[in-house]
Amino acid sequence: MSGNPPPELLIPDWPLPPGVRALLTTRRGGTGRGPLAGFSLGEGCGDAPGAVRRNRRLLRKAAGLPAEPLWLRQVHGRQIIRAGDYRPGVEADGCLADRPGTVCVVLTADCLPLLLCDEAGREVAAVHAGWRGLASGIVPAAVRAFRAPPGRLLAWLGPAICQRHYEVEESLGQHFGSLL
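Each residue of the sequence shown is one higher than the one before, starting from 13 at the first, in our numbering.
A few of these clues could be false.
[Said to hold, decoys possible] Label pairs and their in silico Cβ distance ranges:
no., residue 1, residue 2, range
1, 85, 171, 20 to 26 Å
2, 103, 61, 18 to 24 Å
3, 78, 147, 22 to 28 Å
4, 97, 36, 37 to 43 Å
5, 148, 74, 32 to 38 Å
6, 25, 97, 30 to 36 Å
7, 22, 163, 34 to 40 Å
To be clear, the hints were calculated from the coordinates, so they are not data collected in a lab. The beta carbon of each residue, even a glycine, is placed where N, CA and C say it ideally should be.
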């Protein structure tokens, strides 16, 4: 692994309580080859499984993560799982943790990563919010999963695809307009 470039780690700019950390990766660095060269972390992305495993190890080392991340099988739904109920391969698009040292993670390309925590830092969540998940209510489901009231939550919206690069049918836009 020593010849692999380290991942690029970005730190979100939001007021985290003491003891809570957040970070974001890019495609730079890693061990992928060919058209998937870079820092791929998703088992279903088409990259070689060995490259994904190596990239995950690189992430844990470079970020100084205290535990193995809870890797979800994201399905563009609204399921939020509590970290205590996690098992490898679980289908969910969000993870909520209430124990120090737990690492929640979501993978996104064009979808929206949403990070949440309560003001005291007792609970944290990572949410994968694509248009299907947003339409089915993943954000309200994530907020309801917290013990803290919604007014005591902090949120960070990560980078996602923009309108210029992602066209949708008018009916989908109307559907979202009706949700407001």
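Tested hints:
Take residue 85 and residue 171: their Cβ atoms lie about 22 Å apart, and the range 20 to 26 Å holds. Taken as a hint, the range 18 to 24 Å holds for the pair residue 103 and residue 61, whose Cβ atoms sit roughly 19 Å apart. Checked against the hint of 22 to 28 Å, the pair residue 78 and residue 147 fails, with Cβ atoms roughly 35 Å apart. In this structure the hint that residue 97 and residue 36 lie 37 to 43 Å apart at CB is violated, the actual value being about 25 Å.
Taken as a hint, the range 32 to 38 Å holds for the pair residue 148 and residue 74, whose Cβ atoms sit roughly 34 Å apart. Taking the beta carbon of each, residue 25 and residue 97 are about 31 Å apart, inside 30 to 36 Å as hinted. A beta carbon spacing of about 28 Å between residue 22 and residue 163 contradicts the range 34 to 40 Å that was offered as a hint.
In the structure shown, a violation is registered for the earlier hints numbered 3, 4 and 7, in ascending order.
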